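Those sequence lines, one after another, are chains A and B. For the numbering used here, count along the first sequence from 1 and bump the result up by 370. For the numbering used here, count along the second sequence from 1 and bump the result up by 370.
Simulated from the structure, these hints should not be mistaken for laboratory data. Note that this is a predicted model, so its numbers are computed, not measured. It cannot be assumed that every hint is accurate.
[To be verified] Label-pair ranges, simulated between beta-carbon atoms:
(1) A681/B <-> K637/A: 29 to 39 Å
(2) A537/B <-> Q596/A: 24 to 34 Å
(3) E462/B <-> S696/A: 53 to 63 Å
(4) N396/B <-> T606/A: 51 to 61 Å
(5) V641/A <-> V688/B: 55 to 65 Å
(6) G475/B <-> P405/A: 30 to 40 Å
(7) V641/B <-> I701/A: 27 to 37 Å
(8) H611/B <-> I701/A: 55 to 65 Å
(9) T698/B <-> K637/A: 30 to 40 Å
(10) E488/B <-> V688/A: 25 to 35 Å
(11) V688/A <-> A537/B: 29 to 39 Å
(12) E462/B <-> Q511/A: 26 to 36 Å
C-beta atoms are modelled at their ideal positions from N, C-alpha and C, and glycine is treated no differently.
2 protein chains.
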Amino acid sequence: MSTRTTLKDVAREAGVHISTASRALNPSTASIVNPETVERVAEAARRLGYRPHPLARGLRTNRTMSVGVIIPDVENPLFGPIIAGAESVLVEEGYSVLIGNADMGPSHADSLVEDMLERHVDGLILATPGRVVSEVARQAQRDASMVLVNRSVDDDSIPAIVGDDHAGIGLAVRHLRELGHERIGHVAGPSWVSTGKDRRDAFLDWMTTVGLDADIDLVEEAEWYQVEPGTTAALTLLRRHPHITAIVAANDLLGLGCYRAVRSLGKVIGVDVSITGYNDIPLLDLMQPPMTAVRVPYRQMGADAASTLLALIAGAVVSPGRVLLSPTLAIRSSTAPPAVSGR
Amino acid sequence: MSTRTTLKDVAREAGVHISTASRALNPSTASIVNPETVERVAEAARRLGYRPHPLARGLRTNRTMSVGVIIPDVENPLFGPIIAGAESVLVEEGYSVLIGNADMGPSHADSLVEDMLERHVDGLILATPGRVVSEVARQAQRDASMVLVNRSVDDDSIPAIVGDDHAGIGLAVRHLRELGHERIGHVAGPSWVSTGKDRRDAFLDWMTTVGLDADIDLVEEAEWYQVEPGTTAALTLLRRHPHITAIVAANDLLGLGCYRAVRSLGKVIGVDVSITGYNDIPLLDLMQPPMTAVRVPYRQMGADAASTLLALIAGAVVSPGRVLLSPTLAIRSSTAPPAVSGR
DNA sequence: GTACCTCCCGCAATCGTTTGTATTATCGGA
DNA sequence: TCCGATAATACAAACGATTGCGGGAGGTAC
Numbered sequence: 371m372s373t374r375t376t377l378k379d380v381a382r383e384a385g386v387h388i389s390t391a392s393r394a395l396n397p398s399t400a401s402i403v404n405p406e407t408v409e410r411v412a413e414a415a416r417r418l419g420y421r422p423h424p425l426a427r428g429l430r431t432n433r434t435m436s437v438g439v440i441i442p443d444v445e446n447p448l449f450g451p452i453i454a455g456a457e458s459v460l461v462e463e464g465y466s467v468l469i470g471n472a473d474m475g476p477s478h479a480d481s482l483v484e485d486m487l488e489r490h491v492d493g494l495i496l497a498t499p500g501r502v503v504s505e506v507a508r509q510a511q512r513d514a515s516m517v518l519v520n521r522s523v524d525d526d527s528i529p530a531i532v533g534d535d536h537a538g539i540g541l542a543v544r545h546l547r548e549l550g551h552e553r554i555g556h557v558a559g560p561s562w563v564s565t566g567k568d569r570r571d572a573f574l575d576w577m578t579t580v581g582l583d584a585d586i587d588l589v590e591e592a593e594w595y596q597v598e599p600g601t602t603a604a605l606t607l608l609r610r611h612p613h614i615t616a617i618v619a620a621n622d623l624l625g626l627g628c629y630r631a632v633r634s635l636g637k638v639i640g641v642d643v644s645i646t647g648y649n650d651i652p653l654l655d656l657m658q659p660p661m662t663a664v665r666v667p668y669r670q671m672g673a674d675a676a677s678t679l680l681a682l683i684a685g686a687v688v689s690p691g692r693v694l695l696s697p698t699l700a701i702r703s704s705t706a707p708p709a710v711s712g713r
Numbered sequence: 371m372s373t374r375t376t377l378k379d380v381a382r383e384a385g386v387h388i389s390t391a392s393r394a395l396n397p398s399t400a401s402i403v404n405p406e407t408v409e410r411v412a413e414a415a416r417r418l419g420y421r422p423h424p425l426a427r428g429l430r431t432n433r434t435m436s437v438g439v440i441i442p443d444v445e446n447p448l449f450g451p452i453i454a455g456a457e458s459v460l461v462e463e464g465y466s467v468l469i470g471n472a473d474m475g476p477s478h479a480d481s482l483v484e485d486m487l488e489r490h491v492d493g494l495i496l497a498t499p500g501r502v503v504s505e506v507a508r509q510a511q512r513d514a515s516m517v518l519v520n521r522s523v524d525d526d527s528i529p530a531i532v533g534d535d536h537a538g539i540g541l542a543v544r545h546l547r548e549l550g551h552e553r554i555g556h557v558a559g560p561s562w563v564s565t566g567k568d569r570r571d572a573f574l575d576w577m578t579t580v581g582l583d584a585d586i587d588l589v590e591e592a593e594w595y596q597v598e599p600g601t602t603a604a605l606t607l608l609r610r611h612p613h614i615t616a617i618v619a620a621n622d623l624l625g626l627g628c629y630r631a632v633r634s635l636g637k638v639i640g641v642d643v644s645i646t647g648y649n650d651i652p653l654l655d656l657m658q659p660p661m662t663a664v665r666v667p668y669r670q671m672g673a674d675a676a677s678t679l680l681a682l683i684a685g686a687v688v689s690p691g692r693v694l695l696s697p698t699l700a701i702r703s704s705t706a707p708p709a710v711s712g713r
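Using the sequences provided together with the hints, build the complete structure.
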């Protein structure tokens, strides 16, 4: 009783050979066995509560029904929804999710990839940052399917599910433009991260589109996607261009950094300077003032990544390149028409 | 080249039988094989880049070198650190971490437990809420080691690593008392969750300890650990006791709910009403005003849970019951001496 | 009546390890 | 010289599934 019921038990119970039982239980081979035998085996399996042993199966079939998800930092609220989204579609198909967080730097990410390959995951979802993937990751494509999420590689050689940064920045810039802003700055993310580069390019692009001059001087790059670097960047930006009335931040935390910078200059947010964030992490609506932010459908991003991964695993030919998910804009009170100049 | 190097290859390379190779590579059996043979095998293994196949090994040994972590909600910022802490010690020992999030309710948690058992995880870390564990979870103890984190069961029958809620609430109550508050209320979490009950009991206990009357009327239970229920609870509490000058919230989100309630009554936080949170989630210091909160060492909680789990797996007899981790208090500006009455 | 085909099913090998047992070689002691 | 103990290694059976192959039963066509 303490030992699990095995295929042999089912076979004995149904009065057939173990191989017949195997075929009967496997949907793709059930057709070559007598329908009523199938029924008898299925019934026996049900009665005995049979569960195939995943290790034994994996050993034979080289498929483990598990996929690895590698993220840069579990503690970043961004990745919760991504994981949840991916997991929801993967468990649906019977896959298990191995999570690895590479919070100790890119080399750690590589060793995680190797660990996972060693465990024979069927697929890999990479959410680690960077605009290029390491050699080991590239090699990994040989042994397992792979898709990127929330990042892409410069040459688009690996399928990637990303938010439409161009559209997202567009939402922010147009929103500010419609409010009447004309001097808009951008606190950018690190340029070695794909989102950092893309959003910055998009910002300059949209500035000209809405009829403002796309001065590279209006962009200041933060060292990292955190509050503190955001403050620093915003301060140098505001010192260089004191007449700026709005800032598009490449990230919510950078936006919060801008909050601090603006306050430290004695100005008031949403009046003297409007600020937009990006991602719309939780609690943003509880800030003072609540922050207007571009909302990215991260959960769906995870789900889509999982779906295309499953397609890849199933052998479908998925064209590499990016799938863009449309963002929306959550308008709150950190943005408002510019204060009347000269007042 | 495309096929991985197997033990057979190593054996051939070293000129020994496969079983000898196996023993040579396994530290616990290496003693029964000639030392220089061990060296030769090890050398061959190194040269060929041999990695044992985890599935094959698991099939034979019934150990998968993987543990499952089940959390109620990946998107809750609480669990990031717990996972990170657990993972950091587990990967160190060569274990992989399977994550399951039970965001679809307790029955889903059960099915996750079953999934993981089916995959033969060596251990299980449960962070799901509730003061009792389901029958399936209890059964699971037979097949795998198990420890609870951030929760406990009423009868303490399963080892649990939890924050010291009594001490934590004590920090908050004493802090407020020292500031001069005498009418302190408590917005409690759901009583069916262990932290909800524990913190509420602790609150009443500490009130008498610091010489205030522990009126059950000063406690209002929120339906769930979220902002909205917090607002509702705080409002009914403040309506019942308008003279309250401080609120101890059982959770940061409930605390933020209190923020809203207090504001909607036209009072100002940190002046008319002081508020303390619990957990100290990120961004709390960026709120207006920054919230004073009890900080729980979640990362260490995860790490400790993993350590005791490893001990259990190794066959150590771990006394069930709770291990308490000491919280600290992050004092910010949501707490201050009560406004002078009558002013 | 034989040949042939189809349909089911059983046999056995296989995936890569671990591990109980058998075998061989070596050596000390009587 | 021979025996028993000991050490080192080889053999083979597992673990629990999947799967190519072969074979028996039954039917049809000639």
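Hints, one by one, checked against the model:
no.	hint	verdict
1	A681/B <-> K637/A: 29 to 39 Å	violated (56 Å)
2	A537/B <-> Q596/A: 24 to 34 Å	holds (31 Å)
3	E462/B <-> S696/A: 53 to 63 Å	violated (42 Å)
4	N396/B <-> T606/A: 51 to 61 Å	holds (59 Å)
5	V641/A <-> V688/B: 55 to 65 Å	holds (59 Å)
6	G475/B <-> P405/A: 30 to 40 Å	holds (38 Å)
7	V641/B <-> I701/A: 27 to 37 Å	holds (30 Å)
8	H611/B <-> I701/A: 55 to 65 Å	violated (37 Å)
9	T698/B <-> K637/A: 30 to 40 Å	holds (35 Å)
10	E488/B <-> V688/A: 25 to 35 Å	holds (30 Å)
11	V688/A <-> A537/B: 29 to 39 Å	violated (53 Å)
12	E462/B <-> Q511/A: 26 to 36 Å	holds (28 Å)
Of the numbered hints given earlier, the model fails hints 1, 3, 8, 11; all others are met.
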